[in-house]
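2 protein chains.
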Amino acid sequence: MATLQDIALAAAINILSACIFFLVFAILRIQPFNDRVYFPKWYLKGLRSSPTRSGAFVQRFVNLDFRSYLRFLNWMPDALKMPEPELIEHAGLDSAVYLRIYLIGLKLFVPIAFLAWAILVPVNWTSASNTLAQSKATYSDIDKLSISNTPLGSERFWSHIVMAYAFTFWTCYLLQKEYETIATMRLQFLASEKRRPDQFTVLVRNVPPDADESVSELVEHFFLVNHSDNYLTHQVVYDANKLAKLVKKKEKMQNWLDYYQIKYSRNESSRPFKKTGFLGLWGNRVDAIDFYTSEIEKLCKEISVERERVTNDPKSIMPAAFVSFKTRWGAAVCAQTQQSRNPTLWLTEWAPEPRDVYWHNLAIPFVSLTVRRLIIAVAFFFLTFFYMIPIAFVQSLASIEGIEKVVPFLRPIIEKKFIKSLIQGFLPGIVLKIFLIVLPAILMLMSKFEGFISISSLERRSASRYYLFNFVNVFLGSIIAGSALEQLNTFMKQSPNQIPRTIGVAIPMKATFFISYIMVDGWAGIAAEILMLKPLIIFHLKNFFLVKTEKDREEAMDPGSIGFNTGEPRIQLYFLLGLVYAVVTPVLLPFIIVFFGLAYVVFRHQIINVYNQEYESAAAFWPDVHGRIIAALIISQLLLLGLLSTKEAAQSTPFLIALPILTISFHYFCKGRFEPAFIRYPLQEAKMKDTLERAREPHLNLKGYLQTAYIHPVFKGDEDDEEEEILGKWEHDGELVPTKRQSRRNTPLPSKFSGSSSPSLPEVVEERGQP
Amino acid sequence: MATLQDIALAAAINILSACIFFLVFAILRIQPFNDRVYFPKWYLKGLRSSPTRSGAFVQRFVNLDFRSYLRFLNWMPDALKMPEPELIEHAGLDSAVYLRIYLIGLKLFVPIAFLAWAILVPVNWTSASNTLAQSKATYSDIDKLSISNTPLGSERFWSHIVMAYAFTFWTCYLLQKEYETIATMRLQFLASEKRRPDQFTVLVRNVPPDADESVSELVEHFFLVNHSDNYLTHQVVYDANKLAKLVKKKEKMQNWLDYYQIKYSRNESSRPFKKTGFLGLWGNRVDAIDFYTSEIEKLCKEISVERERVTNDPKSIMPAAFVSFKTRWGAAVCAQTQQSRNPTLWLTEWAPEPRDVYWHNLAIPFVSLTVRRLIIAVAFFFLTFFYMIPIAFVQSLASIEGIEKVVPFLRPIIEKKFIKSLIQGFLPGIVLKIFLIVLPAILMLMSKFEGFISISSLERRSASRYYLFNFVNVFLGSIIAGSALEQLNTFMKQSPNQIPRTIGVAIPMKATFFISYIMVDGWAGIAAEILMLKPLIIFHLKNFFLVKTEKDREEAMDPGSIGFNTGEPRIQLYFLLGLVYAVVTPVLLPFIIVFFGLAYVVFRHQIINVYNQEYESAAAFWPDVHGRIIAALIISQLLLLGLLSTKEAAQSTPFLIALPILTISFHYFCKGRFEPAFIRYPLQEAKMKDTLERAREPHLNLKGYLQTAYIHPVFKGDEDDEEEEILGKWEHDGELVPTKRQSRRNTPLPSKFSGSSSPSLPEVVEERGQP
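Protein sequences appear in the order of chains A and B.
Just so it is clear: in the first sequence, position 15 is 15 by UniProt numbering, and no numbers are missing.
Just so it is clear: in the second sequence, position 102 is 102 by UniProt numbering, and no numbers are missing.
Just chain A, same shape as in the assembly (with noise of 0.2 Å):
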């Protein structure tokens, strides 16, 4: 096991990258020419302008202003400067709160280090253990400071139970302010938006297959029935996944044809050529500039037919549609009820902002979601359980004594003291953090296969699942796999009930990995964070290759967005941890504390100089989050409960079952008290909201604002024009709609010649050419 050396120079090294990679991030930012990597979100916002335009050559690219540099932790207040108000202003409610997720772990775990080092690491340090000496494993030095150190059967673990209902009410006092606080401002939020168009739109999904009418005519008449006062218009929902993929090509030729072009006009001598084969490495060698011209052109034409095509064939209109309503009370009603006999139809509900939508799940029949979410569980369930295999693996080979176990010819090398420390506070952490990177983007692909229709719910629910991931890999993982390793026999032959003993026992041991853990993924990860290498790199390729003008220069930023589904669970494994070895091993807490500070500023000035949300959920991931931390803390409290039944203190551990059961308890007040707020819009604010919109703009033309607000993406950019067209067409409609159905059932297929030439199909995706 790691000594206190180990960890003083891995804190050393950590330190000094991070503190590197804060000089280097910044030099990098006061440069110009990396003004749009940092501070990208000015730009989109139009407050911030090129500095290349005024002063010499040389500063437009380097800055040489020398005073500048000495302040180079300048940035750090700069990002605390932003009062919250205009931070949500600025970025969005769902970064203000995101960043709140940073603060209640500083909340949190400030007055529990002060009270556990006040009270806790005394009594530990002063108890004289014979424990330690009795095991078989290695203790380190660290242990003397935690519950280890109090041997069997002491009276001093009274103060660890005191201590665990000390922590557990400052943790749901502390949650459920921030419950309430973030439950106010999102309603506050919602309240003082301006008008967005899913304040008035429903989703409707599944809608019933009909042989007499289009799935167009079937909304509007269904909705004109069940909802006469409030229906307004409605919007279908094209199958326009093939359309997307072409226009996809079609930007990819064109940057290629940008390419060659500046390529071109800097040596006009030679016209560029390129092979047509496999990446371009063998096939006809044809002039470059010409091929993509022509490749683009008969893409347009593909383009244009399919979109003809998607238009016209009824077939690609999918039993999905938006549905829009005169006010937001109606909208409220609509997407908070049943609206047919059988609960499988109709399926109505809020529709997710039109950027936040995920148009290719829209489709999806409910039945097919059971099996896929079935297929997603046992999928999940197999991923979770078979990944620990290499990573208990390599871990067991990245031990000093794994090592010369497997290489033995390394010993020499390995048991010099400098590498031995760094291989042991170091590797570990590594070996892991090289597993988790690969696993977000299959944890996304399983939420899409599982039927989610926006972004953000995709990202809620690849959240849950990575955080299930960490428990179990990570952090039972590490706790009884590597233990396991380490006691073998002892160890492998135990049954089932041994278990919460083992990880008891297990807990105060593994404290030096995840202090070593925490450093090398909170304290360098959250450094290497802000210097943004990737889009740093990647920028300046694209403005090298590609940019042709200002405008192009503005497509090349790539802010990225927060990552919900990545960040929230590795903030929730650092909850876990502090809350788990709070009472166990305190000396862990100050390395969370520092992880949620630095983090804190530097994701603060993240959101506010680069980050852009892909879109605004109005901090609907808060229920998620809460569980989590309560999940946390029960888990610590079983643990806890676990780790004292082997210390043979039989009269006090009792006293720990009663707070799981009132943890779990304060979990469902708050889930009754609050969630639904975060779920349901309440008609009293629908009807306010409304009230107040009338008398302000008694004359709005609300058909003409929600008319063109849900279309598919692929269709948007060249219809601007059209619109006035469609307002004034639409505006003959009438209320009564004259049905063309004849029978219900006797005439099963007129539909294809009524439904061709349906009068309510608005046209505004028709072919307009191309620029």
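Rather than coming from a laboratory, the hints here were simulated on the basis of the structure.
Glycine included, C-beta positions come from ideal geometry on N, C-alpha and C.
Any given hint could be a false lead.
Far from chain A, some chain B residues (derived; all Cβ distances over 10 Å) [as the list claims (entries may be wrong)]:
#1 I13
#2 P122
#3 T126
#4 K177
#5 K263
#6 W329
#7 V333
#8 R341
#9 L374
#10 A377
#11 G563
#12 G597
#13 Y600
#14 E685
#15 K687
#16 E697
Derived coverage of chain A by chain B (criterion: at least 3 residues anywhere in the stretch with Cβ under 8 Å from a Cβ of chain B; other residues may be distant) [claimed, not checked]:
#17 335-343
#18 567-576
#19 678-688
On the provided structure of chain A, position chain B as indicated by the hints.
Same frame as chain A, now just chain B:
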């Protein structure tokens, strides 16, 4: 252990006793003076009148038509004759669907029994096993037909696994069909039903306190604003618990008065006296008739004062109200949506039927509900797990060896073959039964404390608890505790992960016990049910002592109701037993089939002729029933898994793991597909009914219809003549209600003065004077 002979004897006894019950019933029911006990339903429907009107004096009481005695099982085909639609018309959907539970038991187990006897019994019988010989526990002949007879590691276990799959698929198929049918029946029932107040009404709870306005005004303003197009009227809820108590006391006094008056009229020579002290045992001797007359007079005054107080004191108005809407659509919308920002205020839900309301719980605030739920959860845990101790103790006494140990001098009697069989066949079942009689009352109290607001939900909750209790104590308790006391030493010192093995081994051994339980509880118990001993005795007592008029006789009838909270969990236990033993010991299945068949006929008879449901929930209990059968299925799969894991059939058991997973996902599918039909009211249905009604009765005075629907029962019965007046009063109220609110926060207490003279308080509840 019981042998085949024991079982045959027990079966003979139980069949005999069932026959005796039926015979007695057949004789009693055709006696005219029992007519009101055995056919009260028809009296309540007004379709049958007292047979005492005509004929000779003797014939009024005794049936002298001897031919009718010969056809003593005639009631059985009669009970089966009525077709289901007529049954729904006659007894309501709840009863009809309740009968379907028995029917599903038959549909489920008849094919399973057929398959099991055709395949598993021969497979087991022809296995030459040495397991039985090796085992220390004693086995009986029945085990030759069970899975115990198959030797360890045999290939024959494949047949059991295939059968487990077949049974699972059959159960799921049947359950899905049934869920679909019942969902359709429910929606049809709701659609075809005549107008009912609860279709238009929503119960609002947790109306926030307001300093400026009374509850009634507050409710009116809130709904006029937030449901402006649909709000019709509302009815505040009075805290009339004390009043109800007084009324009840008065009724009791009236009964005594009647008793003494009848006594006096029969023997006019001596006026009856009574003592005023405890139970009439001591105290002053007074004239009974005078005493009760004056007592009743006193109570009348008290009641009138209390009535006045309740009506006029704003403090007796609870923060809850029944809000009625103009259309079913409006009510459906309000019931399914969230009203206020704070999700714990203005909670809306469908109003239960007026007769289904449990008035006592209407005022419980949200926080208190969470706490109550926690308290009850803990209490129920203790009740369930500490109830086991006396059962296990008594059962250990009730075995031959146990009795001989405790009272050794009884040995000569017990060792006699007949008595030994009797004890082994009967006693364990009876012991259990006695324990279980006390329970439902406790569970009902728990549910009441938990705060449910309708009798139907109280019964559903009690039923779930009762089922859980049955599962832990009757099922697991009998299997584990029973065999624990038998196998004593070899058993108690094993670690917890041995439990699945233990249950697995114990299940086949316990088959005989459960067979005897089925016969005592199922066969004889059901046959005793039809006799209705308790109501019979009480009716005749009342008839003799209290009945003066025909109306009194009407009131003396106590038809009772099905008692979902005790009946349904009992059926579920048979489903559990049937599914668990279907693969293990198919011998048990015929006993269960007999139970289901018998119970179906008996309960169909009772529902047609006797029971009078207190409320109609339109089969709202079906999701519970479905869920519990699914739970039984999963338990049976897990236990089979445990059993086979002890059989060294390692290569075949993994195939069983897929079963519970499939079953769980089937459950989720059904939940999504059908459950909403039992919780929500689809807007389409509501709209359709509204439209129909408007077309049929365009000038319906809905307000008048709804005005008095939700009045506390103690106010009912004397306001009929008042209705007109109220309606007149209400017609004058415009849509605009002037608010008395002066400011939001600064004037805290004017409500005391304004509240008492509120014009919108209905005066229905005023004291009308006594008859």
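Going through the hints against the structure:
| no. | hint | verdict |
| --- | --- | --- |
| 1 | I13 | holds (44 Å) |
| 2 | P122 | holds (36 Å) |
| 3 | T126 | holds (36 Å) |
| 4 | K177 | holds (16 Å) |
| 5 | K263 | holds (57 Å) |
| 6 | W329 | violated (8 Å) |
| 7 | V333 | violated (5 Å) |
| 8 | R341 | violated (5 Å) |
| 9 | L374 | violated (4 Å) |
| 10 | A377 | violated (8 Å) |
| 11 | G563 | holds (30 Å) |
| 12 | G597 | holds (34 Å) |
| 13 | Y600 | holds (29 Å) |
| 14 | E685 | violated (6 Å) |
| 15 | K687 | violated (5 Å) |
| 16 | E697 | holds (20 Å) |
| 17 | 335-343 | holds (count 7) |
| 18 | 567-576 | violated (count 0) |
| 19 | 678-688 | holds (count 7) |
The structure fails to meet hints 6, 7, 8, 9, 10, 14, 15 and 18 from the earlier list, while all remaining hints are met.
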